[in-house]
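> These are the residues of each chain, in order.
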Amino acid sequence: MPSAGANAKIMAHQLKLAADIGGTFTDIVLEHGNKRWSGKVLTTSQGPELGVLQGIQAILVESGFAAKDISVLIHGTTLATNSLIERKGAKTAFITTEGFRDVIEQGYEKRFDHYDLMIDRAEPLVPRHLRFTIGERLAANGDVLIPLDESRIAEIAEKICSENINAVAIGFLHSYAYNKHEQRIAELLKPLLPKHVTLCLSSEVAPEIREYERFSTTVANAYVRPMMAGYLKRLQDGLGAMGLNAPLYLMMSGGGLTTLETASRFPIRLVESGPAGGVILASRIAQSCKLPEVLSFDMGGTTAKICLLSGAKPERAHRFEIARAYKDMKGSGIPVRIPVIEMVEIGAGGGSIARVDKLNRLTVGPDSAGSTPGPVCYGRGGTLPTVTDANVALGKIDPAFFAGGKVALDEKASAAAFEIHIGSKLGLKDFWPAAGVAEIVEENMANAARVHAIERGKDIAKCTMVAFGGGAPLHACRLAEKIGINKIIVPSGAGVGSAIGFLQAPVAYEITKSAAINLDEFDATAVNRLLKQMTHDAEAVVKPALQNEKPTLHIVADCRYVGQGHEIQVTIPIRILTKSDGVKLKAAFEKTYAQIYGLTIPGQAAEAITWSVTSSSRVGKPQLAKMPPTRKAVEPLRSRKIYDPALGKLVSAPIYWRFDLTPGMALKGPAIIAEHETSTIVGSRFNAKINSLGYIIMERTR
Amino acid sequence: MSKAALEAIKTQVMWNRLIAVVEEQAQSLLRTAFGTITREAGDLSAGVYDPQGRMIAQAMTGTPGHVNTMATAVAHFFKLYPQSTMKPGDVFITNDPWLGTGHLFDYVMMTPVFIGKKLVAFFASTCHVIDVGGVGLSAKANSSYEEGTLIPHLMIRKGGKINDELFSVILANTRNPVEVKGDLLSLISANDTGARRLIEMMQEFDLKSLDKLAAHILSTSEKGAKDAIKALPEGEWSYDLPLDGYESEILIRTKLIIRKGKILIDFTGTSAASIFGINSPRTYSLAYSVFALKAVIAPHVPNNIGSLSCFDIKTEPHTCVDPIRPSPVTARHVIGQMLADAVFGCLAQALPGKVQAESAGSIWILSLNSAHGRVAASETAHAQNFGVISIALGGIGGRPGKDGLSTMAFPSGIGGIPVEITEGQCPLWFKEKQYLPNSGGAGEWRGGLGQRIEVRNREDAPFTISAATFDRIRNAAQGRDGGKPGSKGVAKLGSGKNLPDKGIHLVPKGDSLIVELPGGGGFGDPEKRKVELIKADKQAGITV
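Chains as they are written, first to last, in this note's numbering: chain X, 1 to 702; chain D, 703 to 1246.
The shape of chain X in the complex, shown without the other chains (with noise of 0.2 Å):
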């Protein structure tokens, strides 16, 4: 048996697996000291395992490892954000207290589009009538004002057990300050339970001060808990029957890797694991090329994921909307409290679906034709244009490259979609409204990344671009012309970049609880006690994965002026606090504050409200890069036509092989670098050269 796997330096000798589930492809790599393979399955979503069992069958064929060779599998999964987008969780009840049976439908209470008369809220996952309330009631700093009556269990557990219920969320107001009642319902209910029935605890899984977000996150726990711990157990059976019985890890939303079994119990912090495994990549390659401040940028079928990384490290969050049900529109999803990687993620991805309002405005997604019926080129059943459609249009896909020459693409009825749909609205002919849609398509994601930058105070000029993902590298170019950045990085592997991210994270957990505590009068006696128990708490998850290695502590607040309602994160010292941090933390608060919003407010006081502490394994650091002494190029395959947006015409572009173009290899754009997950366009304002990782780096010219 080998080593469990999250200790780096033993890890950089195994062979690793990654498998990271998509709303379309499940991409699998396999990693083995420097060599790589990888491939893509389609994702069945009837069975998902079924197609990560595949893929790893179809690599190890491949590679010719067996799957007794593997020593450590790392997967990541949509499957939790796809079961609360499609609504096929389990049947779930909600026990809460009573007076307050509607939080979670009545949400925030506030219309999300003030000029669309007939939009809903997002339905809730548990439905009134299997909302139950118990007389009890704490105060804001857990004092009981009204005493649990146990009075309705027997009661409520028996409509439980008639309505066929498979889970079970509890939630008491301020239960974050004062988990006894939960606790004590949970008890009494349990025997009452047939066994399969899961109990999950809003001072459990959140316990965060806003009811509604705490509630939410709890019944979205709830509610995807039995179909994940049903399908990971399928998974690590299937895997045993093949002879895999290496230690299984579970990418989280936060970054960080887990173990099954806190998987199987928190399983909302499962969403978002794919982009989360893309940012770690983004950080290890800002390692190895020694970038200061990072933007990646991961393009999928589906969406658009933008974070910035300063320092390697992205910011992180604990506030996420899943399954937003009306036109990807803020506020229209449920909310989750999770540790989540800070990131933008705009409905942009290959799928996108182009079209004319009605104001004869070209809009592009945020809906997405995803692997069925497909954009129109993969010929099944897709008439509306796509973005993936207008890179046909343009040039930039190359057919016979696409997919490794798998899928012929029908770039014929790409180009009649564009017509009927968007031309003939707009009186534009040939390429122009594909290249109207490119054009739109790379301005919403600079926006969003503008706006996001904003809000994180940085300046994204100073970044340097990270693309991956299938669709990133053919709009790297432009997205990084529209928003001043002058050096682009499209790493090997670049189409399936998540899951070699999966390879590279820490295992880690992260554990959050709100306490408000004010700097200008600071309780460090509170504090140290709150830390020390979450540190324990935290590390308990993540020794068992460690063997003998000390996991790393890493701990923040975050604070806000007293009377203000959002916070920013400053990061706390690992060692006893005294009383005289406190005027260092306000300092270090209002320092962040003033870079964002260019003040701060003399006089008033500052508190932290929510504590995170987090527990990882070391990761090693990786290669660094170097750059060879510029050589030519090989001779191209072929050229052809592509629409260059920046001079606004056809150019002739030479198409050249990925895996021809060795370190020190340069050339000018414009060109195609096609491989077989996706290409890179290299605008004519840029020069392309291969470091000696194999990176692809581009440098703006002018």
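Calculated from the structure, these hints are not laboratory results.
Keep in mind that a hint or two might mislead.
Using 25 Å as the maximum straight-line C-alpha spacing, the simulated DMTMM-like pairs for lysine to aspartate or glutamate come out as follows [as the list claims (entries may be wrong)]: (1) D:K1104 x X:E521; (2) D:K925 x X:D116; (3) X:K159 x D:E1234; (4) X:K649 x D:D908; (5) X:K358 x D:D908; (6) X:K195 x X:D143; (7) D:K712 x X:E204; (8) D:K962 x D:D1014; (9) X:K513 x X:D357; (10) D:K925 x X:D357; (11) D:K925 x X:D113; (12) X:K462 x X:D237; (13) X:K358 x D:E1234; (14) X:K641 x X:E481; (15) D:K928 x X:D113; (16) D:K712 x D:E902; (17) D:K914 x X:E481; (18) D:K932 x X:D357; (19) D:K1104 x X:D537; (20) X:K425 x D:E902; (21) D:K1237 x X:D120; (22) D:K932 x X:D116; (23) X:K591 x X:D523; (24) X:K180 x X:D537; (25) X:K88 x X:D237; (26) D:K928 x X:D116; (27) D:K820 x D:D908; (28) D:K964 x D:D942; (29) X:K233 x X:E204; (30) X:K425 x D:E709; (31) D:K1056 x D:D1014; (32) D:K1240 x X:E321.
Chain X regions said to be covered by chain D (calculated; three or more residues, Cβ under 8 Å) [unchecked claim]: (33) 26-35; (34) 112-125; (35) 599-608.
One side of the interface only, derived from the structure: several residues of chain X facing chain D at Cβ under 8 Å [as the list claims (entries may be wrong)]: (36) R128; (37) H129; (38) A140; (39) V144; (40) D357.
For every residue, glycine included, the Cβ atom is placed at its ideal position computed from N, Cα and C.
For chain X, the structure is supplied; the task is to place chain D on it using the hints.
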């Protein structure tokens, strides 16, 4: 061909960018604001104006009542400060209800943007500050002088230097100087953020002025609105909307006139202004009646001066929809937000079957305070001194083809405040806050539900509630096309006594406050309601 195509795409890209710029401006404000009503409920707005003072883009974040009224404030700044005298770093401020956004609580700030020496645009933003002195957030004042401190159109920053004297005056006249200072600084910084981004955008696209872009945006929007209006029948339709009012009932008399691609809403015959602060200044009346109309007729057309120029209102001075200074206006939304239903009453006749039923309308602001200074000092001697706000929302009317939304604001765009947040700020606790069964008006499409809220005090002390904004207690939201009215609102003590009027009321120690928010009216004949929906409502326990 290709050049024109590129130009068209570029113009649209710039338009999208402009919207992203004002969204950044609004987000910056939301994240730094102090008042819960701004930061939790979203009572703010942000927009960009061309040098002629025409609004060309606004943020989706915010509330419609501010957006249209902000344009009025901007126009008045120009009258007082010729553009030739404006310098980079200047910021203008006002909270004048008549020349701003309708009550003293909303401060508007306007910042000119320069490229070199050339003034290219203005940013304006508004947010609701916690306190402006006077009688506080209640309707009991009889003149605007009693309502608080009015800051006329002045400069809060001159050439980059903050006007400390003006700050001192403002802060000396509020009960929460630190928070108000924070909010005002947030407004300044939000506009600066917008200005920075706009300059970057203009440099990137090599624009010397916004004229061409503004002309395109406004003409496209105007055409969109005109086309939508052309699709409507021409004619005149009237509707009378009765409201509870304060000292006496109020009638909103409305006539909708659609003619030659323009719409006029005539409020002639509407009741005289109240002697209490529920009157809606004309600027605010215009904002909400036009917002409501546009939401039905042309929801997809951007809200800017181009599309809004197709709409106008006619009011008589000294009425509750056009009060004259110093008429009190603090709770102006009590009338202003009801104008949506008044307008819909007319529009439903022009467009049968297409207009939603009446809604709870005016949001109920639960302004809850400790009883210090209102009872004998001995009763509050050991009690915490506090003031908090909670937002209580009723139901929206049933819609053609859909039930009405429950417990949401309409036409206002603001949301609720978490109970856990409010309880963290004071000794009060909510015994109940949940849907009120049977409150939605029956119909083929049921009205949205109201809610029942009960508030108690942990301390053995009384507290007060301002009932300024509680309406539809005597006049229910009516149904449409055969739908039944929603339930009426209720405001009472736990011990049983109804609160008699919109004044400030004492909740004695040991007692509680109970409010039941009005439900929305039903849409269409209840007999036609689908059996599955009736069953579902029964199963959920929202009809019993």
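> Quickly compare the C-alpha distance for K641 (chain X) and E481 (chain X) to 25 Å and report which way the hint goes.
Cα-Cα ~21 Å, so holds.
> Are at least 3 residues of the segment 26-35 of chain X within less than 8 Å of chain D when you compare beta carbons?
violated (count 0)
> CA of K962 (chain D) to CA of D1014 (chain D), is that 25 Å or under?
Holds. K962 (chain D) to D1014 (chain D) sits at ~13 Å (cutoff 25 Å).
> Is the shortest C-beta separation between A140 (chain X) and chain D less than 8 Å?
4 Å, holds
> Close enough to count: is the Cβ of R128 (chain X) nearer than 8 Å to one in chain D?
4 Å, holds
> Measure nothing beyond the straight line between the CA atoms of K425 (chain X) and E709 (chain D); if it is 25 Å or shorter, mark the hint as holding.
Status holds; Cα separation ~17 Å.
> Verify this for me: three or more residues of the segment 599-608 of chain X with a beta carbon less than 8 Å from a beta carbon of chain D.
Three-residue rule met by the segment 599-608 of chain X, so holds; n is 4.
> Hey, K88 (chain X) versus D237 (chain X), does the alpha-carbon distance stay inside 25 Å?
Distance ~23 Å between K88 (chain X) and D237 (chain X) Cα, so the pair holds.
> Please work out if K159 (chain X) and E1234 (chain D) have their alpha carbons no farther apart than 25 Å.
22 Å, holds
> Check the hint pairing K712 (chain D) with E902 (chain D) against an upper bound of 25 Å on the C-alpha distance.
The given pair, whose Cα atoms are some 16 Å apart, holds under the 25 Å limit.
> Does E1234 (chain D) lie within 25 Å of K358 (chain X) when you go C-alpha to C-alpha?
Violated. K358 (chain X) to E1234 (chain D) sits at ~35 Å, over the 25 Å cutoff.
> Please work out if K925 (chain D) and D116 (chain X) have their alpha carbons no farther apart than 25 Å.
Given pair K925 (chain D), D116 (chain X) holds - Cα atoms ~19 Å apart, limit 25 Å.
Taken one by one, the earlier hints fail for this structure at numbers 1, 5, 6, 7, 9, 12, 13, 19, 20, 32, 33, 39, listed in ascending order.
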